[in-house]
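Novice: Take a look at the letters that make up each chain.
Protein chains: 2
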Amino acid sequence: MTRQLHLNAFIHPAGHHEAAWRHPLTEPERIYDVDYYQQIARTAEAARFDAIFFADGPALRQSAEFNASGRLEPIVLLTAIAAATEKIGLIATASTTYHEPYNLARLFSTLDFVSGGRAGWNIVTTSTALAAANFGLPEHPDPSIRYERAREFVDVAIKLWDSWEDDAVVLDRPGGRYADPAKVHPIDFHGKHLEVRGPFNAPRSPQGHPVLVQAGSSNDGRDFAGRYAEAIFTAHQTLDNAQAFYTDIKNRACLAGRDPDHVKVLPGLSPFIADTEEAAHRLEREFNELTIPRYGLRQLTALAGVDLSSFDLDSPVPRDLFGDAGAVTDNNRSRTQVIAEIVDRENPTVRELLHRLAGARGHRVFTGTPEQVADTIEEWFTEGAADGFNIMPPHYPRGLEAFTDTVVPILQRRGLFRTEYTGDTLRDHLGLPRPDSQYAGRTPESTELVS
Amino acid sequence: MTRQLHLNAFIHPAGHHEAAWRHPLTEPERIYDVDYYQQIARTAEAARFDAIFFADGPALRQSAEFNASGRLEPIVLLTAIAAATEKIGLIATASTTYHEPYNLARLFSTLDFVSGGRAGWNIVTTSTALAAANFGLPEHPDPSIRYERAREFVDVAIKLWDSWEDDAVVLDRPGGRYADPAKVHPIDFHGKHLEVRGPFNAPRSPQGHPVLVQAGSSNDGRDFAGRYAEAIFTAHQTLDNAQAFYTDIKNRACLAGRDPDHVKVLPGLSPFIADTEEAAHRLEREFNELTIPRYGLRQLTALAGVDLSSFDLDSPVPRDLFGDAGAVTDNNRSRTQVIAEIVDRENPTVRELLHRLAGARGHRVFTGTPEQVADTIEEWFTEGAADGFNIMPPHYPRGLEAFTDTVVPILQRRGLFRTEYTGDTLRDHLGLPRPDSQYAGRTPESTELVS
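So the sequence lines, in the order shown, correspond to chains E and Y.
Going by UniProt numbering, 253 is the number at position 253 of the first sequence; the sequence numbering is gapless.
Going by UniProt numbering, 371 is the number at position 371 of the second sequence; the sequence numbering is gapless.
These are computed hints drawn from the structure, not numbers from a lab.
Each pair may be met inside one copy or between any two copies, as identical chains are not told apart.
Straight-line alpha carbon distances no greater than 20 Å define the calculated EDC-like cross-link-like pairs of lysine to aspartate or glutamate that follow:
no.: 1; residue 1: 192; residue 2: 220
no.: 2; residue 1: 250; residue 2: 220
no.: 3; residue 1: 87; residue 2: 420
no.: 4; residue 1: 87; residue 2: 424
no.: 5; residue 1: 250; residue 2: 383
no.: 6; residue 1: 192; residue 2: 148
no.: 7; residue 1: 87; residue 2: 35
no.: 8; residue 1: 192; residue 2: 139
no.: 9; residue 1: 192; residue 2: 142
no.: 10; residue 1: 250; residue 2: 240
no.: 11; residue 1: 87; residue 2: 401
no.: 12; residue 1: 250; residue 2: 261
no.: 13; residue 1: 250; residue 2: 379
In this text the structure is predicted, and so the values were computed from the model without any measurement.
The whole structure should be built from the sequences, with the hints applied where relevant.
Specialist: Written out as structure tokens, the structure is:
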């Protein structure tokens with residue numbers, strides 16, 4: 001069979017475009033209703049998407065004044081969606097900076113159990129400094145400290161998920177033996193940030209452990225991805241950049257002793273789709289005209305650490321804006337880079353830059369006909385830039401329907417995308433192996449774990 | 001209408017009896033399957049129970065050798081159950097000692113949203129010292145410190161849930177105003193244990209906030225319950241003790257300025273039910289004969305801090321066992337009291353005591369016909385000992401079915417229990433008001449919450 005594309009639907013309340021909630025195509029009155037998300041997930045599942053995905057962060061990032069900023073907790077929301085779907089993968093974002101690994105490992109393990117092996121964890125270190133104040137920290141830790149904790153956190157989580165070997169439960173009723181204690185292991189983790197004894201308090205979940213997903217593209221982020229990630233969400237504006245990133249990640253995976261095919265690279269793509277190019281551009285303009293510059297300027301500050309609020313909206317963005325490293329915070333360094341490249345390449349006015357970012361916060365917006373969207377997907381996929389795409393419809397639910405109704409059939413006709421699921425778990429969909437427990441076959445340290 | 005009983009089904013993997021998993025009536029091979037719990041919940045809902053409930057703790061409390069000790073995370077599990085039910089309340093246990101309030105408040109808020117207002121939180125401080133080692137603490141904090149943090153934690157959680165006033169979302173599409181920032185409040189909590197700025201990152205949930213449930217019966221626990229609890233799970237062996245507890249809790253609620261009718265007291269009841277008394281006792285004996293003394297002795301140590309493993313199983317428990325305060329750990333002081341009273345009242349052998357505790361870990365086991373079970377429920381309910389019961393079937397799923405098929409119809413015929421739900425939320429079922437946001441009508445501190 002031809003190499004197959006992977007498609008992930010990145011769900012965002014009313015849509016990824018920041019003004020989506022104002023456009024008549026959207027239904028912002030439903031964004032706290034479980035039915036709304038279940039409907040979106042069923043649309044993605046009917047089109048045979050690999051997974052759906054929610055971003056997350058433990059803080060209100062923007063004033064709720066100008067946007068539908070509130071968000072439901074994604075692990076719980078995806079559990080509710082699991083019940084309304086059968087096959088599609090369920091990827092939740094959760095922060096290693098602001099969780100405890102024992103608690104988070106349990107949430108994901110249980111999602112994997114109740115969904116029959118469809119859980120994925122998008123591992124983030126949280127980029128918004130606002131979170132710190134919700135957790136009693138004097139300040140948001142630096143990225144290097146956050147990644148140091150993230151590495152320990154993921155090591156701990158995997159050890160917990162592995163701590164019951166797959167055959168630990170023996171269920172010997174006559175003999176009165178439920179589990180073989182030699183196959184339930186304390187993890188005794190002692191790190192710089194974390195101390196966790198274990199064992200976990202549940203058996204190994206259907207996938208062994210959830211699929212590990214990662215989205216940081218900074219140097220720390222890429223190191224982390226090469227070592228742990230089984231799928232990567234990433235933001236690129238151009239084929240060149242995406243190819244360079246793709247090659248770099250596959251190399252890092254090899255250097256970490258991993259099969260590069262077990263790291264799926266999925267750039268973001270936010271498509272405005274219509275029957276004609278002209279109609280697609282008209283649709284994009286409608287959304288851009290609904291943006292609120294005061295909100296967009298704040299978003300730009302949050303994304304890239306620069307403040308353009310003193311500039312005239314119709315004057316060009318200063319080309320040396322990102323030349324001065326002092327003006328750039330170290331949050332979101334990779335996103336800053338994407339924005340700096342847009343400025344460098346397109347020389348936009350402030351308003352034009354805000355419109356460029358309004359669509360998907362620095363992810364690639366593509367505007368065109370279904371054939372054109374399918375063409376760019378095929379190009380990136382066959383030219384070594386992507387294993388698939390993180391589809392970020394500018395507006396929900398209809399923006400996803402436009403993609404599944406018109407683009408997916410083209411990709412299927414071209415033999416690039418499945419017409420039926422061939423497995424039941426997210427690992428099956430992504431072509432990832434089910435990992436063995438790292439404790440399998442080990443001599444136990446003791447037969448009495450806890451007294 | 002006559003005052004109505006409240007019934008809660010306390011779900012425990014194969015049943016509350018510690019040997020349940022060995023008995024042919026149970027299905028221990030299904031205890032990690034979501035279908036199993038959905039089926040149990042539908043049984044409880046068909047009988048018009050107020051709620052189902054899961055205990056929890058972030059540690060493997062016992063070696064998995066002799067019992068089905070693993071457990072799924074209850075908030076996620078109840079979310080999966082929410083999707084398979086329509087009305088029944090969903091109460092999850094979660095620890096204030098081992099969670100962060102911002103994260104936990106989000107999990108419960110989202111459960112309340114996706115279930116349409118059916119969430120309840122059983123607030124515990126965690127009694128097992130084993131948890132500390134899973135969270136990098138040098139030792140498990142003392143009960144007084146745990147309750148101090150618990151009070152701050154619940155104050156923070158309620159403030160977070162209240163931080164968006166009910167009418168904060170204005171959804172003004174033409175005007176470009178999603179929410180009124182004057183109605184989204186930072187909470188600026190500064191406590192001894194917790195510092196949380198807020199605001200929350202989601203609107204107020206259907207019930208305003210989840211129903212607050214509590215289970216500690218120590219003095220600290222009762223103080224806490226009087227101030228916060230809207231329902232209380234409690235363990236009593238005798239009517240006298242239950243009456244004294246009931247009166248004490250209602251008094252404490254009054255003294256805290258609350259309506260005592262808004263604190264529902266629900267003692268545990270683990271019923272062995274059969275057509276004849278003799279058959280019911282035979283069933284109980286079958287379960288007791290399957291117990292493993294080595295396991296029971298460990299459980300006793302965990303529950304009451306005493307070690308009887310050096311005694312002959314058929315010799316009497318020393319009557320002064322609990323006289324020596326040094327032998328009693330301060331974990332579970334209230335449960336120790338229950339056990340001390342059993343020893344004092346019944347003068348059991350070690351084996352008999354283990355059997356008494358095997359049923360429900362110190363909760364009341366009642367063995368008899370459906371009429372007899374209904375009689376004791378009615379007696380406690382009408383004699384000022386209970387507003388309802390936390391039903392703890394010794395074996396699942398059939399032990400619950402025995403109760404719903406045979407006891408519930410009697411209670412309904414006697415006019416003590418509903419035959420249809422009269423509302424949609426857990427607050428409706430329990431007769432609890434939906435609380436107003438504490439910020440409603442307050443002058444905002446600022447109109448720009450976050451920049």
